[in-house]
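K.L.:
Given next are the chains, with one letter for each unit.
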Amino acid sequence: MNNNGSYGNERSISSGGAGDIDYASDPASGGFFNSDYKKHDDLKQMLDTNKDGLKLEAMKRIIGMIAKGRDASELFPAVVKNVVSKNIEVKKLVYVYLVRYAEEQQDLALLSISTFQRALKDPNQLIRASALRVLSSIRVPVIVPIVMLAIKDSASDMSPYVRKTAAHAIPKLYSLDPEQKDELVHVIEKLLSDKTTLVVGSAVMAFEEVCPEKISLIHKNFRKLCNLLVDVDEWGQVIIINMLTRYARTQFVDPNKGMIDSYDESERPFYDDEEESEDLKNKKPSFSLDTDHRLLLKNAKPLLQSRNAAVVMAVAQLYHHCAPRNEVSIIGKSLIRLLRSHREVQSVVLNCMAYISVQRKGMFEPYLKSFFVRTSDPTHIKLLKLDILTNLATETSISVILREFQTYVSSPDKEFVAAAIQAIGRCASNIKEVTDTCLNGLVSMLSNRDEAVVAESVVVIKKLLQSQPSRHRDIIQSMAKLMDTITVPAARASILWLLGEYSELVPNIAPDVLRKLAKSFVSEEDIVKLQVLNLSVKLYLNNPSQTQLLCQYVFTLARYDQNYDIRDRSRFLRQFIFPTNNENNLAKFSKKIFLASKPAPLLVSRFKDTPINVRTLCEPDRESYQMGSLSHYLNMRASGYHDLPNFPEVAPDSSARNVAEIPSPSPPPISSKKESKNRSFYSESDSSPVDEDSDSSEGDSDDDDGNEKSNDEESSSDDSSDDDSDSSDDSQSQIEIRKVIKNDEIDGEDSGSDSDDSSDGSSSDDTDSSEEKPQVAKPAGKSVPSKPVSNLDLLLDLDDVVPNLPIMTPSLGGFLSPLTPSLTGASSTMNSVLPVGPSFTSSKYFEVLSKIVGRGMSVEGRFTRQPHLFSPKMLNVELKFTNHSSEPFEEISMSFQKLPPGVKLHEFAPIACLPQHGSLIGSIGVDWNDSTQPLNFDINWRDGSASVTLKSPVGELLRAVKVSHTMFIEEQGKLRGMNEHSEKVSPSKPVAKIPESVFEVTNVFLLPAVEPNIYRFSGQTMASNSLVLVTIKTTADAGEVEVIVNCEKMVVGSLLLREIKTIFLN
Amino acid sequence: MIHSLFIINSSGDVFMEKHWKSVVSRSVCDYFFDEQRKIGSPEDIPAVIPTPHHYLISIYRSSMFFIAVCMTEVPPLFVIEFLHRVVDTFDDYFTECTESIIKENYVVVYELLDEMLDNGFPLATESNILKELIKPPNLLRTIANTVTGKSNVSATLPSGQLSNVPWRRTGVKYTNNEAYFDVVEEVDAIIDKSGSTVFAEIQGYIDCCIKLSGMPDLTLSFMNARLFDDVSFHPCVRFKRWESERILSFIPPDGNMRLMSYHIGSQSIVAIPIYVRHSLNWKDGRLDLTVGPKQTIGRTVENVVIEIPMPKTVTNSVLICNQGKYSFDPVSRLLVWDVGRIDTTKLPNLQGTVTSVTGSTGDSKPTISVKFTINQMAVSGLKVNRLDMYGEKYKPFKGVKYITKAGKFQIRM
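Same order as they appear, the protein sequences are chains F and W.
Under UniProt numbering, read the first sequence as residues 1 to 1066, first letter to last.
Under UniProt numbering, read the second sequence as residues 1 to 413, first letter to last.
By construction, these hints were calculated from the structure, which means they are not laboratory data.
Just so it is clear, the structure is predicted and the values come from calculations on it, not from any experiment.
Careful: at least some of the hints might be erroneous.
[As the list claims (entries may be wrong)] Chain W is nowhere near these chain F residues, computed Cβ spacing over 12 Å in every case:
1. Arg139
2. Asp290
3. Glu344
4. Met483
5. Arg942
6. Pro1012
7. Glu1059
[Stated by the list, open to error] Simulated pairs of lysine-lysine, BS3-like, Cα-Cα distance not exceeding 27 Å:
8. W:Lys240 / F:Lys301
9. W:Lys21 / F:Lys60
10. W:Lys135 / W:Lys21
11. F:Lys60 / W:Lys398
12. F:Lys333 / W:Lys240
Don't be surprised by glycine CBs; every beta carbon is placed ideally from N, CA and C.
Based on the provided sequences and hints, a complete structural model is requested.
P.N.:
The structure is reproduced here in structure tokens:
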């Protein structure tokens, strides 16, 4: 294996394509620049080809460089071009690259923005979602407004997946520009009210990242969150539970309040608990949990059974912090289960258990044996287990625990042995009954052959002895003997300290020990030296006659010691025993100073609270952190940690959580949203078109009647469509269907639009993305998305930055944002796009199947320019079956194997029999998805079949729509640059026939002429509802015609231009 | 949440990095290396290492470190669980997860990482969904893709993602519909030197391999569901049904999964299926081990392996065994005796001497860890009662297999 970290794929390519390239080039080697240049050159070439295979290989190699942490930023221009690639894998890798380097190459990154903007309107939800993902991940401050707009629109997307992505995008935007907070909060509020499990987890995540302090946003959603909790994905569960814990601490009163402060529950023997708590219950029948509090605890409980340790821990901390004391113990069992998990999980869980075990001893007592140490455990796990075992030790269990400890002492793991001995010491000091046994055990360990064991025992014994030294004279004696053998400094120092402290108990031995040490003073460790000084002072005070000379000797040695600490200490101590001047008052009190009785040290677990007097304010202890958090684990405040508030004394009003049963189908949320949108981007000036349009809307007022009529019809169709669609779409998402019914067969007039709000009014449906959700509209449904007010200002911003940027319309709002109900205000009619009937319908048939291929049956097709019944996005193609043979054709039907991506086909009703020489008409619906790719299908009849190809000219892919003149100009203004196609031709036909010729080619609407010699036609693509604006200018003498086509779909635009051009040339 | 991920191999090379937010320089790993140098064993590296600006949360698996870099408060278990899920996913995709496999499939790895986290927050972790988004590599598909020019990446959103059963992909079709359940029980035990049980419990899990067409709704019931002390489930199991009827009711994901794991604790009496008679005398270095079956209800104990990590002072060993083979690694000082199956007529025995640096072994006693498997038996006595399928017409083939294994089975000498 090449150790340079080059990846498998790469080498195979280098050998195949690029020759010998030194990937692991060392900057020091001469060929570095050369090979580097060559390598990148090669990759650039590969990226510039039009072969997807090569591009993919190149991208794979570049990703390899990124993965290894090599700099691939040079290739940015070459890579970013491929953002439009059709190959989904290339595209995906380009996205990965872009997200990685966009920050460094901001200007170039802007080149890709328009692609994402376009993709945001793609009918495929995955593409919409990934476009939003990448767009929001490009950390370029200039695009903040664009991302903001995209988030807002996606937050009301029909697909829950896209909404989830929108929730993910919120923290990204927030970190890019915290100024946007207020607006983001609005979006979060909207997403929080989402009822889809897929979305709420991410929405709460966004809430936690952006505005965790705005607890009021949760009120209305609290019950819903509780009820959905079980169905949310695991990661969402963790976030939601953690958030709700904080919520519960602010909104509910302490469930343990009023229960007599039985904090010492843990201190009581385990079996006593039940009676006592029974008593407590009887005493406090009045207290009952808030129903919402209960709901939270109840719904979280099943999650203790989750396979995900993080979820279990989240529930555990919820119970720990918020549940009544007698219910908390259920978490014990689940936490014990986690101990079987991975090492890292064990470590975190044990840490929390150690913390809990201090407060709630009873919880883990039944599982004592689960904490027994295995030799195979890593050391830090062993230590944690020891801590827990000592915390759990009671009079009843101590014998079992001590027996365990005894075996641990013989473990080969020295660190563990030391900890085990300390644990024994802790048990001994905590449980008085066993102090003597422990002490004896520890003393017996003094004869252990392992020095480390002995040393640790000495230190522990020293601590234990302090509590009752007089009874243990023999122990002190035997320890004094150890001075000859033991070498561990800490142990030696401990023995010396003991001897000094209790020298009265061993008056003969202590001076002798000092004598020995005076000899070896120079070679002792510093810590021992200090204790030698200490000992000599104490002995001198008790027994000056025997020790004065020794003392002087030791102090002289210390005075010239290398370590200044020791020199200092000797200088300081000398004043007490060998005062230089007699006035020294200190010397008088030296006995009191040195031989005062000292309090015995408390041996406590590191998880126990430090006593209040020791705790300093600046250093909060574990107690105050939310269990299971990073801060709790590290016992230090992590950045971004939110304190767990204390329960309030009085619960805030719980009615805040009530949700109105039937929220009125109100336009206000929408309009307020719109307002907020406007506020940010548009200056005051944008109000003007609204006013302007109010007059033009007058003409439409007649439509209102028609609307109401159609409204009735619609409600019935609505039901049926809902039934149809439920299976395909997520049933939980509340879908607001907005339909526009147009009945042009009756009056041929255009009608307005209407809306049908469902319960919340919070989300809306965009018909263009409803490919998963075919609607039945009758008799001919057409969708009418309204254009939002101009986003021109925003674009101008961008223009300033990159003047050459081809600008796509950022008017995402047109399709993704909720429509304004047309009946409510004048503003909507002004910018509305109204479908109208075709101005011209060709009666010419084209051949679909010739009678030779069809063995006697021919099929001809005709575009009727009517929308198909099945879906407004489908074109209606009339098929005329003619039987030229003398045999009847029976059971004619059609079938298709594979359609091009995005294309949908609705087949004609099967024909039972086509009599000889007869002809019949059938019609099929095709959603070409705005492409001109040919469609292949088979026509089958009883004795045979024939495959046919159907291709639509681009002109037929449009539907005629009526727009106002102002809007035409405005929209045209937005669709400049790459979206505009124009050409001048010299026509061969008289000018007068221009509209007719255009109608022949394409289905558009002729706007009433405002200026002579300028014809404006408007249309809309069938599938994506993109506006198509055709302008034809003729010179006065009609010698030259200029055709301008503006369409956001560049391909449609250019093809249409070509078709229109040809009619003038022929 | 998670800012970046670094994958480090055993020799300390950062061989892959992935950033979900702004780039975090890989020099942040130096803090990790410092810690690693301080602490000898990779097992002992703390799960969370605080550095001045970042928190490094790491896991150690397949002799690689996966280090997640976080900057703000985040539940450590959340990150740890996620990292393990990442490794599990790699295992699932590439059948095993090693350094060379990650390097070989770096594109898929990168695509997976990109799909699993968005802005450091988990996006799609369900294996069924990931596999629809990014097809696992296999030779056949690689060839097919090169020929047809198709890619491994799906252009549409996996249907399961939006449904009520996000763990299952839709449109599953098999010609042979089969559902296999493996009931695996692991015996965790500590046996003291006199042979009495200090602590024993059973960790069981039910792994299944389900290849059923359509949307099957399965229910699995047990003869003796009261045995379970504590259970945890795959998200697909309906908890309410379990609470009320002790029946596992679920729509399974396609393919392999762990349906449930359970714990039969120290409260119930656990049968110990094996014993080891041992004597080790440091004075003359004599070691004598005999292994025998115990409480096995007539089943043979197979794949018995005995491992003894010897103290550092042991230098060599001269041993003879009457069955299987033994080895002693003088570097790690691990004595391994691969016994194989236990024949009750002639018990396996290992004896001989271990040599050690004289007088320095002290009192420390090694611990014997034992591995074994017993087929066709669940040591707790758990029995699956029946498996029913609703929602689909066909008749599936069903199979249940019971295995008992040694978990953390240790005998103190």
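K.L.:
All hints are to be evaluated individually against the structure, with a verdict given for each.
P.N.:
Hints, one by one, checked against the model:
F:Arg139, annotated as away from the interface, has a beta carbon of chain W within 12 Å; the closest lies near 6 Å. Annotated as non-interface, F:Asp290 keeps its C-beta farther than 12 Å from every C-beta of chain W; the closest such distance is 24 Å. The claim that F:Glu344 lies off the interface is violated: its Cβ sits roughly 4 Å from the closest Cβ of chain W, which falls inside the 12 Å cut-off. Every beta carbon of chain W lies more than 12 Å from that of F:Met483, the smallest distance being close to 21 Å; the non-interface claim holds.
Listed as outside the interface, F:Arg942 is consistent with that label: its C-beta sits roughly 30 Å from the nearest C-beta of chain W, beyond the 12 Å cut-off. Distance check on F:Pro1012: its Cβ is at least 49 Å (rounded) from any Cβ of chain W, clearing the 12 Å threshold; non-interface status holds. For F:Glu1059, the requirement that its beta carbon stay farther than 12 Å from each beta carbon of chain W is met, with the minimum near 30 Å. A hinted pair counts as satisfied when its Cα atoms are at most 27 Å apart, and W:Lys240 with F:Lys301 qualifies at roughly 12 Å.
The suggested pairing of W:Lys21 with F:Lys60 holds, with an alpha-carbon distance near 21 Å, which does not exceed 27 Å. Proximity of W:Lys135 to W:Lys21 is assessed by CA-CA distance (about 26 Å); at most 27 Å being required, the pair is judged to hold. For the hint pairing F:Lys60 with W:Lys398, the CA-to-CA distance comes to about 43 Å; that exceeds 27 Å, so the pair is violated. This hinted pair checks out: F:Lys333 and W:Lys240 have alpha carbons roughly 19 Å apart, not beyond 27 Å.
Consistency with the previously given hints fails for numbers 1, 3, 11, ordered from lowest to highest.
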